[in-house]
Amino acid sequence: MTSLSRREFIKTSIAATTAATAGFTVSQAALAQASAAEAGWKWDKGVCRFCGVGCGEQVATFDGKIVAIKGDPDAPVNRGLNCIKGYFNGRILYGEDRLTRPLMRMKGGKFDKDGDFVPVTWDQALDEIAAQFKRIYKAKGPSAVAMLTSGQSLVSEGYITNKLIKAGFRSNNIDPNARLCMASAVVAFYQCFGVDEPANCYDDFELADTTVLWSNNMAEAHPILWSRVTDHRLADKNSRIINVTTYRNMCSDISDLEIIYKPNTELAILNYIAREMVKRNAVNMDFVNKHCIFATGPVDIGFGMRPTDKFAFPAEKDTLAKQLNYTIDKYEAIAQRRPDMAGKSIEQKDAGRADAHWHITFDEYKRGIEPYTLDFVAELAKGDPSESLDAFKKKLQQLADYYIADKSKKIMSLWCMGVNQHVRGVWVNQQIYALHLLLGKHGTPGNGAFSLTGQPTACGTAREVGTFCHRLPSDMLVANPAHREKTEKIWKLPPKTLNPRVGTALMMALRGLEDGSVNFVWTQTVNLWQSVPNTNHWLKAARNKENFVVVADAYPTLSGKVADVILPAAMIFEKWGMFGNAERRMQCWRQLVNAPGQARPDAWMMLEFAKRFTLKEVWGELPLPGLKVEGFPDDKLPSVLEEAKKMGYNENMTLYEALFATPENKKFKWPDPIAKGTENSIVNLLGDGWFVEKALFEEYRPFTFGGHDLAPFDMYYDDKVRGLRWPIIDGKETKWRFSEGNDPFVKAGEGYNFHGKLLKAIPSGDLDGVKDTTPKPLPGKAKIFFRPYAGYPEKLDKNYDLQLCTGRILEHWHTGSMTRRVPELHRTAPTATLDMNPADAQARGLKHQDLAWVETRRGKIKMIVNTRGRNKMPPGTIWAAFFDEGVQVNQLTLDAADPLSLEPDYKKAAAKVYKA
Amino acid sequence: MSAIDRRQFLIRTAQMAGVAACVAAVWSPLVRGQAHAAAHALRPPGALPEEDFMALCLKCGQCVKACPFKTLKLATVADHAPTGTPYFIARETPCEMCVDVPCVPVCPSGALDRSLTDITKARMGLPVIDREICLSFRGLRCEVCYRVCPVRGKAITLNIVHNEDTNRHARFEPVINSEHCTGCGICEKACPTEESSIRVLRHQFVQGKLGEHYSPSLGEDFKIQDIRQGTDIAKELNPGDKRQAAPGVGYFNQPGGREGIIPGAKP
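Chains as they are written, first to last, in the working numbering: chain A, 1 to 916; chain B, 917 to 1183.
To be clear, the hints were calculated from the coordinates, so they are not data collected in a lab.
Just so it is clear, CB atoms sit at the ideal spot from N, CA and C, and this is done for glycine as well.
Where hints are given, some of them may not hold.
Said to hold, decoys possible - So the derived label-pair ranges between C-beta atoms look like this: (1) A/LEU234 to B/GLN1123: 27 to 33 Å; (2) A/ASP730 to B/VAL1091: 49 to 55 Å; (3) B/GLN1123 to A/GLY677: 52 to 58 Å; (4) A/LYS545 to B/GLY977: 56 to 62 Å; (5) A/PRO744 to B/ASN1083: 28 to 34 Å; (6) A/LYS42 to B/GLY1000: 32 to 38 Å.
This is chain A alone, in the form it adopts within the complex (with noise of 0.2 Å):
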């Protein structure tokens, strides 16, 4: 050792050793002064703002802040732990740049769509809304007016806006990000079962012998679930878990199996297990022939994209094209059985009815799934290309074998992303009921096909609310009249109040905002202009003249950078909450701290703009070009103002008094003792003294019972109680539904009984269309599908040669407008970096870490090169997360989706990488 380098040492180690002594005289200081603060904090039950797994927290505040979060001990889901995210609960209210005035855009103290961001008072915010609103609802009527709200919004507050917009404004232009998240899983439990909602629950993950991840990166995008998945592989040695993946993640680091499959050959694959099942006689026909029937739909129904190519950028055209006629290639000729339709154009004449299904024979169904042999799934789905088509065959083989195991083994499958933003994903959604209905293997303990959740509250909020364009509360839709009826029964609103037209789902409002058939947008906590795919038109088009867009939201986002008027927003734990999780547990929380500055509720938001309008604006004749409905005259909604006084409302009422503040409703007082002393900030804003939440809920339980039944809001509250899973019978939850014993809905020796109401009656038919148009009803079964395989719109080609798919990581929420404000969240992952494969990069003379840049057909973005990336790319994939303000990924995405849900894929958008 040298003379300078044993000093250095000696330094070192005094200094290390001073630090030591000093560090812990200092912590000893600090716990005692923690512990003398810790006294004056108030702990009480709160829920983890971010995935749909639905943790309890615990949450401490102290002096009108949050001080501490941690993971509630007693909550059945988490047990006292957090991912990264929820370990940061606390902190996304304390970003530097919340939002906390009104802003609108103005010029010589009026507002103006050209002028710069001014803060304004809430009442001239709310004023220029309210007059712009009327100015093109008098126009237009309430089609060309749209409410986009969220799978993160509260219950109350997606009750609120939806029944102001359907039951007020009368128009059913309200949709949620849910759409662009679980629409595809929504539509497959209507058709297959009638009911919205999965039949199992957390529970299961512990008493499953086989667990299958079907697309579903759970690792990831369900962090504190995959654990109890891992910990369940750990404790029963001979559990095993299957990941079926399009490239490998972090599921795949305890897989026992992993399947690389190409994008949408999942219906091919499926469609094989379905046939080794006929072929090896392991489905259990009693099950079968008593609970199930079989269907099938049509098969050329496009891809969810505009018919026209009007506004289109020119690149985009040959895609959209393939909306209208679309070519099919070997593998698709031969899996829908028209070989000799093979590299033809087929016109996509189905597009307007994709949803249209029909009883099939069993024969049938099987005559469908005959051309899935192990050989043509193979060769079709393959994905790896460094892998052997020998050893994929024999992964294919082991999957089928997993799931044909004898009648003892228990499995679960589960998805989320992967198969629901899928051009065909409410196919494959069915696919996968269809395997475990055709073992009779579901909705009982560690049997079933369970549809992972993606938001807090998609289900108890978006769904179960319907805060959808063609959704009424508890599984009713606008389209149906005795649903619309008993929803103005329940509302105390005049007979027709409810419009009978489906309003526009998510994509189809912004490509109003486009094509001018909708003017007015307001968006609730979500950030739409970063998150929908194909940003660069809806960027452009909120900008145009005639529309007016508002934006709530808490923090700075891209979506407001094009909007005319921001509204600062009130955030999780500054509000009375209620949030339902992807197993129907419906949990809350109290208000306990302020919103900083004039950040307000949504919900007050809405209350506040439904009184600056009267009856006699909205409940009277509107036009609403187009509506030919029994009932209704043609083109436009009737005046139901004569109706309405002799119910007793008076034409100067405003929405506030005839919709929310009610007598019935005014009943339920503030203060109530469940508050235990905490604000209530509507409360004390709207000055009139009734429990909003409290009185909305109790509004709104009786759409639930006969199927969705929630408790009363009291016993959420209960300091015991950490959610509750809906249907709640006599005070008790239901874990399992459809399977006697489990489910309060089956009576005694039915065994099964699926007894969703919805599409219970269809036609019938063969593989190839309906016979007979007489509607035969299904009481108390489920549908098996026959679904084929089909392809995507945008396939590689030599100039677009790569397929980028996109997705979430861990660290980040979304797109990062809260996550991304918690600078220790930030260092975790500060941009979003395209994982690639290094052959792929190699072969663009590109390196890990070079700046490239990536482009599609929509539009040209610069992403850095990660070839040790977080996700293993097989050659010819790369993906990119859409967390990261500065890397707009949602502008190179296509904007095609299922035609039955409206939900658009977000995983196949072709694209080229070049230096940059």
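Use these hints to put chain B onto chain A, whose structure you have.
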């Protein structure tokens, strides 16, 4: 401040800290900051052992100039690494492990070993994990260090174990493997705890050494057990295989038989 002065200063600070907690609260960040800087004065990839490196380094700054990420800095008097020598602080700017290792070939003296052309062979330091603070050891789903590791799955692996506290979740404990870790420090930078729970130090501060008289019975290849170990999917899935305990058994036990060969048997 001379080295001796500083030493006395540090000792005095420590004594003061022992006496009055509030004074320590003021001074200790400085003390700890200095200790931190010293241990974190990591050398560029390919740096020879410290003694040789110091003997050869010309303090010319060529490697610093070549670093595209501004990771490398030349130490100033205040920096606690010998003045003029190149170093980096992982928590601030870690080594991004450039594929072409641009900092090494420009070294005129050989203080950075030119035979290093594969960056995964660099050994700049070795991380230590504070298991008491590390969120993953506490059962939280963090593992940020694992996911950002450029040699993920080798340099950092996850030891997945049952969490006794909840009895329902797994813990994903990060484990450092010196065989593969380059000491780039990307993990230290990314760690989300207030002070990083994973810190890269020079090997000399981290690594122990066994006495040469002893040969460990577990061998150098002792690895964390993969929970999938011993799983033979093909075997467990095919009960037919199980029955093939002796040649012919599988065939004889197959239900039915070929048409016409066994009259009356179902095919």
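Inset, instruction - Determine whether the Cβ-Cβ distance between A/LEU234 and B/GLN1123 falls within the hinted range of 27 to 33 Å. - result: 30 Å, holds
Inset, instruction - With 52 to 58 Å as the target window, see if B/GLN1123 and A/GLY677 comply at their CB atoms. - result: With a Cβ separation near 57 Å, B/GLN1123 and A/GLY677 satisfy 52 to 58 Å, so the hint holds.
Legend entry - 49 to 55 Å as the expected CB spacing between B/VAL1091 and A/ASP730, which holds or is violated: 50 Å, holds
Legend entry - Range hint 32 to 38 Å (beta carbons of A/LYS42 and B/GLY1000) holds or violated: Given range 32 to 38 Å: violated, Cβ gap about 55 Å.
Legend entry - Assessment of proposed distance window 56 to 62 Å (beta carbons of A/LYS545, B/GLY977): 57 Å, holds
Inset, instruction - State, for the Cβ atoms of A/PRO744 and B/ASN1083, whether the hinted interval 28 to 34 Å holds or is violated. - result: 29 Å, holds
Going through the hint list in order, the structure does not satisfy hint 6, though it satisfies all others.
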